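Student: Listed below, chain by chain, are the residues.
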Amino acid sequence: MANPVSQFQILSKEPDATAAFYSELFGWTVDAANPLGYRRIDTGSRDGIQGGIWPAPPEAANFVQLFISVDDVEAAAQHAERLGAKILIRPTVLPQGEEMAVLLDPHGMPFGIWRSSRK
Amino acid sequence: MHDGPFRQRLKREFESRRAANARYSLRAFARFLGTDHATLSQVLRGKRNVPRLRIRGWCERLGMGPEETAVYCGATHPPDHRMAEALNIIGEPVHWQIIQLCNSAEFRADSRWIAARAGCSTDFVNLAVTRLLRLGLLEMRDPARWSTVSAASEREFRATALARVNTHG
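Going down the list, the sequences are from chains A and B. This note's numbering applies: residue 839 is where the first sequence begins, and numbers increase by one. This note's numbering applies: residue 38 is where the second sequence begins, and numbers increase by one.
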């Protein structure tokens, strides 16, 4: 399987205000009706990728994180670790069956790896 | 000195004593802490800094462990990343509430459900869940069940959490 960038995630200290801003600016729709209350962004286009908004901790700056699709999150995390990455959040199965992990690359940039829920 | 989190902790302690006994007064709380009620009143209202030399003694009287006491005594402004993580984990009761809810029979893997029980926003729960995941105090290996570090009491949980902050920070 190829490993495309499949999601973007905006980490914001003001998630509602961020959602309102981008919705107003680009006509994106944001839907948080899911178990984590995750604000899923639908850009309304099949071009590009879709994303979401997650709260950022008060001590951090707002930032954007990219998620890359993998077949096996555990294996990809271990591979990244062998290449010098640090695992920030270990492989985690979300309430709707998707799996993700968050890592820090060897140069200090955080990124996520992602597998959609098993069919 | 960054005494906001310790002030919040004092406020919560006083409120919980008031909830258990409506007649419990600020004067009684001040007596318990070994200070006068005017000083304590000003501290709680943010009109006065927490007297630096008193923090250790007040932590002891409130039954805090040495790790937690060290965090409050060493808090700087602005806090560095590790200090911010430590202050958040010991200062926000929602972390312990999440651990307890995860281990309850009625648990639902749903931040909205947790938020309703913890009396806070879903975003606040998600921030705490992220922190617990990052520190390895919570694991999601199954869509429906979340497993947690074992801790018999809030104090034990805080000590474990602070140890993780130091190793993961």
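No lab work stands behind these hints, which were simulated from the structure alone. Keep in mind the model is a prediction, meaning the values are calculated, not measured. One or more of the hints may lead you astray.
Estimated spans, in silico, between C-beta atoms of each pair [said to hold, decoys possible]:
| id | chain 1 | residue 1 | chain 2 | residue 2 | range |
| --- | --- | --- | --- | --- | --- |
| 1 | A | Phe864 | B | His118 | 31 to 39 Å |
| 2 | A | Glu912 | B | Pro130 | 56 to 64 Å |
| 3 | A | Gly886 | B | Arg192 | 44 to 52 Å |
Some, not all, of what chain A presents toward chain B, calculated at C-beta under 7 Å [what the hints assert, rightly or not]:
| id | residue |
| --- | --- |
| 4 | Ala871 |
| 5 | Leu874 |
| 6 | Pro893 |
| 7 | Leu926 |
| 8 | Thr930 |
Covered stretches of chain B, going by a simulated chain A footprint (3 or more residues, C-beta under 8 Å) [said to hold, decoys possible]:
| id | stretch |
| --- | --- |
| 9 | 164-174 |
| 10 | 179-193 |
Heads up, the beta-carbon is just placed ideally off N, CA and C, and yes, glycines get one too.
Student: Is the interface hint for Pro893(A) satisfied, with its Cβ closer than 7 Å to some Cβ of chain B?
Tutor: With a minimum Cβ separation of about 4 Å from chain B (threshold 7 Å), the hint on Pro893(A) holds.
Student: A range of 31 to 39 Å was offered for this pair. Does it hold for the Cβ distance of Phe864(A) and His118(B)?
Tutor: Distance hint for Phe864(A), His118(B) holds at roughly 33 Å.
Student: Double-check Leu926(A) for me: the hint is only fine if its C-beta lies closer than 7 Å to a C-beta in chain B.
Tutor: Where the cut-off is 7 Å and the nearest Cβ of chain B is about 6 Å from Leu926(A), the hint holds.
Student: Cβ-Cβ distance between Glu912(A) and Pro130(B): within 56 to 64 Å?
Tutor: The hinted range 56 to 64 Å is violated for Glu912(A) and Pro130(B), with Cβ atoms some 33 Å apart.
Student: Do the Cβ positions of Gly886(A) and Arg192(B) conform to the proposed distance bound of 44 to 52 Å?
Tutor: At 49 Å between Cβs, range holds.
Student: Tell me if Ala871(A) is really an interface residue toward chain B, meaning its C-beta lies closer than 7 Å to one of theirs.
Tutor: With Cβ-Cβ at 9 Å, over 7 Å, it is violated.
Student: Given as covered by chain A, does the stretch 179-193 of chain B meet the bar of three residues or more with CB within less than 8 Å?
Tutor: It holds: at least three residues are needed, and the stretch 179-193 of chain B offers 3 whose Cβ sits within less than 8 Å of chain A.
Student: So, as I understand it, the hint says Leu874(A) touches chain B; can you test that by seeing if any CB pair is closer than 7 Å?
Tutor: Check passed: Cβ of Leu874(A) comes within 5 Å of chain B, closer than 7 Å.
Student: At a Cβ distance under 8 Å, does chain A reach at least three residues of the stretch 164-174 of chain B?
Tutor: Since three or more residues must qualify, the claim that chain A covers the stretch 164-174 of chain B holds, with 6 doing so at under 8 Å.
Student: Do the numbers back the hint for Thr930(A), that is, is its least Cβ distance to chain B under 7 Å?
Tutor: 4 Å, holds
The structure fails to meet hints 2, 4 from the earlier list, while all remaining hints are met.
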